[in-house]
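Protein chains in written order, with this note's numbering: chain V, 15 to 351; chain W, 15 to 351.
Any given hint could be a false lead.
One copy or two, it doesn't matter: identical chains are merged, so the pair holds either way.
Below, in silico cross-link-like pairs of lysine-lysine (BS3-like), each with a Cα-Cα straight-line distance of 25 Å or less [unchecked claim]:
(1) K221 x K74
(2) K316 x K185
(3) K272 x K74
(4) K272 x K221
(5) K221 x K131
(6) K34 x K347
(7) K24 x K183
No lab work stands behind these hints, which were simulated from the structure alone.
There are 2 protein chains.
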Amino acid sequence: MSGDVNHQIKLAARPVGLPKRTDWQFTETRVPEPREGEVLTRVLYLSLDPAMRGWMNEGKSYIAPVGIGDVMRAGGIGEVVASNHPGFAVGDCVSGGFGIQEYAALDGAQLTKINPKVAPLPTFLNTLGMPGMTAYFGLLDVGLPAAGDTVVVSGAAGAVGATVGQIAKIKGCRAIGIAGGAAKCRYIVDDLGFDAAIDYKAEDVRKSLRAHCPNGVNVYFDNVGGDILDTVLAQLARHARVVVCGAISQYNNTTPIKGPSNYLSLLVNRARMEGMVVFDYASRYPQAIRDMADWIGEGKLKSREDIVEGLQIFPEALLKLFSGENFGKLVLKIADA
Amino acid sequence: MSGDVNHQIKLAARPVGLPKRTDWQFTETRVPEPREGEVLTRVLYLSLDPAMRGWMNEGKSYIAPVGIGDVMRAGGIGEVVASNHPGFAVGDCVSGGFGIQEYAALDGAQLTKINPKVAPLPTFLNTLGMPGMTAYFGLLDVGLPAAGDTVVVSGAAGAVGATVGQIAKIKGCRAIGIAGGAAKCRYIVDDLGFDAAIDYKAEDVRKSLRAHCPNGVNVYFDNVGGDILDTVLAQLARHARVVVCGAISQYNNTTPIKGPSNYLSLLVNRARMEGMVVFDYASRYPQAIRDMADWIGEGKLKSREDIVEGLQIFPEALLKLFSGENFGKLVLKIADA
Chain V
15 MSGDVNHQIK LAARPVGLPK RTDWQFTETR VPEPREGEVL TRVLYLSLDP
65 AMRGWMNEGK SYIAPVGIGD VMRAGGIGEV VASNHPGFAV GDCVSGGFGI
115 QEYAALDGAQ LTKINPKVAP LPTFLNTLGM PGMTAYFGLL DVGLPAAGDT
165 VVVSGAAGAV GATVGQIAKI KGCRAIGIAG GAAKCRYIVD DLGFDAAIDY
215 KAEDVRKSLR AHCPNGVNVY FDNVGGDILD TVLAQLARHA RVVVCGAISQ
265 YNNTTPIKGP SNYLSLLVNR ARMEGMVVFD YASRYPQAIR DMADWIGEGK
315 LKSREDIVEG LQIFPEALLK LFSGENFGKL VLKIADA
Chain W
15 MSGDVNHQIK LAARPVGLPK RTDWQFTETR VPEPREGEVL TRVLYLSLDP
65 AMRGWMNEGK SYIAPVGIGD VMRAGGIGEV VASNHPGFAV GDCVSGGFGI
115 QEYAALDGAQ LTKINPKVAP LPTFLNTLGM PGMTAYFGLL DVGLPAAGDT
165 VVVSGAAGAV GATVGQIAKI KGCRAIGIAG GAAKCRYIVD DLGFDAAIDY
215 KAEDVRKSLR AHCPNGVNVY FDNVGGDILD TVLAQLARHA RVVVCGAISQ
265 YNNTTPIKGP SNYLSLLVNR ARMEGMVVFD YASRYPQAIR DMADWIGEGK
315 LKSREDIVEG LQIFPEALLK LFSGENFGKL VLKIADA
């Protein structure tokens, strides 16, 4: 390994609006030697997530921004190629925060061993990874769905949204998904078992919501913000819970974020809007992963990955998230297993 | 009584922006005879509240709008002058939803007897009435303040806000009030015991909040909405609770309500924004009134009323709420006790 080249992508500039190719720096370095306690991993798959856009901005958030000149932060799956940590052996499959690069030497304490027999590797970046954990804890701990509730989720064909709707069904709720385009809408109803889908690109979301949610929305899991958030707020049921998970429609704004004009619906309906960050639930990931793996095994929880290949296309691949072009969890394949 | 004139003010038109005099109709009718089960009350004081503006609008809200041609809805205090209900006798003091008029015949079940020895009558429209109940349940049940928390309240010299800050102090919190003008700011600190006041008309609210809340805002009780809500959202502490009680800055908008651009602070800080409507707590008013009366007796809870006199000036008096001209709970005196 030593002597091999490690290709990396670093953040070169803080983007204004959508990240441009010039916001990135393509570099190469030597594959590092793992130090005492470290594990050298060959990266196989990297997770591309809407949250990455926020990490590129300066300023206070739930996590420190990526520094200019730093390898872009990214979670991934890889194979151990050298280990100076007693918990890991060559050939182990691991997940960790490798960054957009081909090799990473990290402290073993920062890695999690995964069992490739449980599911295909990309699934560990989807239902069994951060998106799955976000859906699980966001819906169950913040959304507090009760059997019979109507649960609406936006970005419903995305990694988080697709899982939210399926968990809602598992918990005895009605699941209504908002997604862009007929193919995604068909997918969440026909393949994932949502009760209905609303195509925000083709339908009047307000009218469709009223039709599909005659008794109002008990839980709204928001991944998108903007006009869709506002529209759903106007349809809340009494004591509704709005889970603020993300706002992908607003991340590339060059103007201020659009606040929800209909927020006084919270007052009228004695409803609640609450934010969540998945990392807070880290101590409970093992239980969630057991539940999710069981549901996958029972055929109740399906996942779909949109796998694009090659480290060098990272800048363009990332943009698929913001155009809505990806279909399923967006994963960047770096190397063959 | 019978044969006497009952002056009334009815809603003549749905206002656009601030209510104009032509939105009201001044009428007179005969004082009604109480029917079986009814009580005829001579109205002494009426409560003027920001929420009245919402009741004048068409459309779904937490309460039906006042109909065009109906006597304007208002709560008040009065004296029983005739009773066909076994629970009430001539001379009793009662509170109820009398409307903007001099006499009202209501079913006894809609009235509450009050004891004028406990406090001056206008106090029953303030700390011992709806504003007090709103402050009590909004802060304690929705805001969930813990001793040591920093509690910020807007409209802090108003009927609800002044009580919120004082209850926060009683519960061992730091209380920071946002109010308009030096006199109101002095009042809430010097007379009511708030820890600090921010004069939004004279200060940079953001800078002052940062100075007074170095560890962030744990509870924000919002009566005003608009820019102040946005500014406080940016200063939330982890797991903060934002109580949405009102949005007086937005009630007379002729453009859409300004949504809070900084709502993603809820995500970053794992915080919650929740609406409340005081009527939901009706079954627990007696306990709250006992607590509040005790605190008044112990000198821990003070109230101030801004009393204006004469049914005919109702239209102009109401506008004082929106200009911020009133100082303390705005009460319209209709007649001498």
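Comparing the hints with the structure gives:
Proximity of K221 to K74 under the C-alpha cut-off of 25 Å is restricted to the inter-copy arrangement: shortest distance 16 Å between copies versus 38 Å within a copy. Taking the shortest Cα distances, K316 and K185 sit within 25 Å of each other inside one copy (15 Å), while across copies they are farther apart (49 Å). Taking identical chains as interchangeable, the C-alpha atoms of K272 and K74 lie at most 25 Å apart whether they share a chain (19 Å) or sit on different chains (24 Å). Proximity of K272 to K221 under the C-alpha cut-off of 25 Å is found in both arrangements, the shortest distances being 22 Å within a copy and 23 Å between copies.
Proximity of K221 and K131 under a CA criterion of 25 Å is satisfied in neither setting, with 45 Å inside one chain copy and 55 Å between copies. In this homomeric assembly, K34 and K347 come within 25 Å of each other (Cα to Cα) only inside a single copy, at 21 Å, whereas the closest approach across copies is 66 Å. In the homo-oligomer, the alpha carbons of K24 and K183 never lie at most 25 Å apart, since the shortest distance is 41 Å inside one protomer and 51 Å across protomers.
Checked against the numbered hints above, the structure violates hints 5 and 7; every other hint is satisfied.
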